[in-house]
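There are 2 protein chains.
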Amino acid sequence: MKKQNKRDLILDAMQSLMSQNLASTATVSDIAKHAGIAKGGIYYYFSSKDEILDAVLERSYSQTIEQSWSLIESKGLDALSKIKQIFQMCVYPDIALHQQEMLNYLHLQDDLNLHHKFLALTIREFTPILTKIIQQGERENTLHCEFPEQTSEIVLSMLVFLLDHTIFACKDSDIPKKLHALAIMLERSMNAPKGSFDFLYAEFEHEKSNET
Amino acid sequence: MKKQNKRDLILDAMQSLMSQNLASTATVSDIAKHAGIAKGGIYYYFSSKDEILDAVLERSYSQTIEQSWSLIESKGLDALSKIKQIFQMCVYPDIALHQQEMLNYLHLQDDLNLHHKFLALTIREFTPILTKIIQQGERENTLHCEFPEQTSEIVLSMLVFLLDHTIFACKDSDIPKKLHALAIMLERSMNAPKGSFDFLYAEFEHEKSNET
Chain A
172 MKKQNKRDLI
182 LDAMQSLMSQ
192 NLASTATVSD
202 IAKHAGIAKG
212 GIYYYFSSKD
222 EILDAVLERS
232 YSQTIEQSWS
242 LIESKGLDAL
252 SKIKQIFQMC
262 VYPDIALHQQ
272 EMLNYLHLQD
282 DLNLHHKFLA
292 LTIREFTPIL
302 TKIIQQGERE
312 NTLHCEFPEQ
322 TSEIVLSMLV
332 FLLDHTIFAC
342 KDSDIPKKLH
352 ALAIMLERSM
362 NAPKGSFDFL
372 YAEFEHEKSN
382 ET
Chain B
172 MKKQNKRDLI
182 LDAMQSLMSQ
192 NLASTATVSD
202 IAKHAGIAKG
212 GIYYYFSSKD
222 EILDAVLERS
232 YSQTIEQSWS
242 LIESKGLDAL
252 SKIKQIFQMC
262 VYPDIALHQQ
272 EMLNYLHLQD
282 DLNLHHKFLA
292 LTIREFTPIL
302 TKIIQQGERE
312 NTLHCEFPEQ
322 TSEIVLSMLV
332 FLLDHTIFAC
342 KDSDIPKKLH
352 ALAIMLERSM
362 NAPKGSFDFL
372 YAEFEHEKSN
382 ET
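Order-wise, the sequence lines are chains A and B.
With this note's numbering as the guide, the letters of the first sequence map in order to residues 172 to 383.
With this note's numbering as the guide, the letters of the second sequence map in order to residues 172 to 383.
Keep in mind the hints are simulated off the structure, nothing from the lab.
Honestly, I wouldn't trust all of these hints.
Since the list can't tell identical chains apart, any single copy or any two copies may satisfy a pair.
Stated by the list, open to error - Lysine to aspartate or glutamate pairs mimicking EDC-like chemistry, simulated, CA-CA at most 20 Å apart: (1) Lys348 - Glu317; (2) Lys303 - Asp345; (3) Lys348 - Glu320; (4) Lys177 - Asp225; (5) Lys303 - Asp201.
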């Protein structure tokens with residue numbers, strides 16, 4: 172493990188405040204105190220609390236992105252299996268963020284700017300990853316699309332926005348049907364084998380059958 | 172024309188302030204003064220300036236929605252022609268809002284809450300309209316999808332979010348390719364005849380060929 176630099180100490184402090192639900196009221200001085208450094212030291216690295224928040228988000232996300240890139244390189248998996256793993260990271264961002272606290276914070280804050288940044292980050296970081304997977308799918312003859320990069324961006328936007336509660340005030344009971352519709356649209360729009368994206372709603376179907 | 176009631180007078184005043192770029196700094200008193208009524212009179216109808224803004228937005232939008240509903244009922248048009256008109260309203264909201272001022276205001280404000288409300292409103296209001304058109308397309312055998320309502324919502328979300336500059340900081344030069352990718356995805360996902368959605372990017376292609 173690398174020796175922690177001051178920048179990381181500041182991010183750790185912020186993250187710890189977030190997990191204690193203290194981040195929204197914390198001042199830059201509070202963060203400095205928590206990090207055990209002088210307030211001036213913070214301004215050497217960040218110009219505002221918002222910048223610290225952004226950096227915490229990006230740091231915890233970068234681990235997921237690294238994992239996703241190594242997933243791409245794994246030789247044993249076909250494109251459709253890789254897509255499944257990537258989609259689950261987007262649909263269940265708590266997996267991607269490695270910590271429910273950060274996600275709670277994003278939702279609690281009612282801070283649409285930060286929330287948007289997170290959605291945009293997801294789409295931006297995953298687009299080149301999904302593009303590579305689609306290109307593998309073309310070589311394997313399971314996926315076909317003329318514009319892999321643009322299609323990736325559109326698909327990720329659909330996944331990310333469609334399931335975002337802050338944007339769509341949709342009932343939980345609507346989600347399985349929406350995911351089913353999405354699975355069919357994805358399958359057809361990428362000319363994928365039938366049922367390739369059924370995993371998107373299968374989990375909900377399972378929950379439903381357990382309830383009854 | 173109906174005799175204007177007080178509520179409409181308030182909305183007219185707000186709209187006039189918006190078109191003069193005075194809305195962001197205007198107080199409830201300013202709005203009252205502009206409407207020629209007492210400040211207390213405003214609070215009888217609205218509890219805040221935000222509520223007035225929402226109502227202005229909904230009122231100017233409702234005209235578009237009414238037009239769209241009558242478009243649905245027009246017997247002479249097939250489903251694909253209707254879809255084209257509806258999509259253009261979503262892609263070019265200045266058509267839908269009947270006034271560029273309102274759109275400028277939405278973008279200038281940097282008010283993500285209001286902006287989100289507008290996007291959500293677009294999707295909510297157009298979903299039942301597009302659903303009916305898809306159902307007509309099924310009868311005409313040009314469109315096919317298992318979940319017309321959910322598909323409509325997904326399609327509208329794609330259109331609205333993908334082209335929103337406040338969400339995606341994308342270069343203008345990327346848009347035609349993105350729209351082309353989207354046109355293919357829509358065509359395939361609804362099993363529509365080839366080229367049904369080419370109008371989405373055709374205009375941009377035209378501009379491009381004029382430039383060179």
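Here is how each hint holds up against the structure:
no.: 1; hint: Lys348 - Glu317; in the structure: between (28 Å within a copy, 10 Å between copies)
no.: 2; hint: Lys303 - Asp345; in the structure: between (32 Å within a copy, 19 Å between copies)
no.: 3; hint: Lys348 - Glu320; in the structure: between (27 Å within a copy, 10 Å between copies)
no.: 4; hint: Lys177 - Asp225; in the structure: within (16 Å within a copy, 46 Å between copies)
no.: 5; hint: Lys303 - Asp201; in the structure: neither (43 Å within a copy, 56 Å between copies)
Violated hint: 5 only; the structure is consistent with all others.
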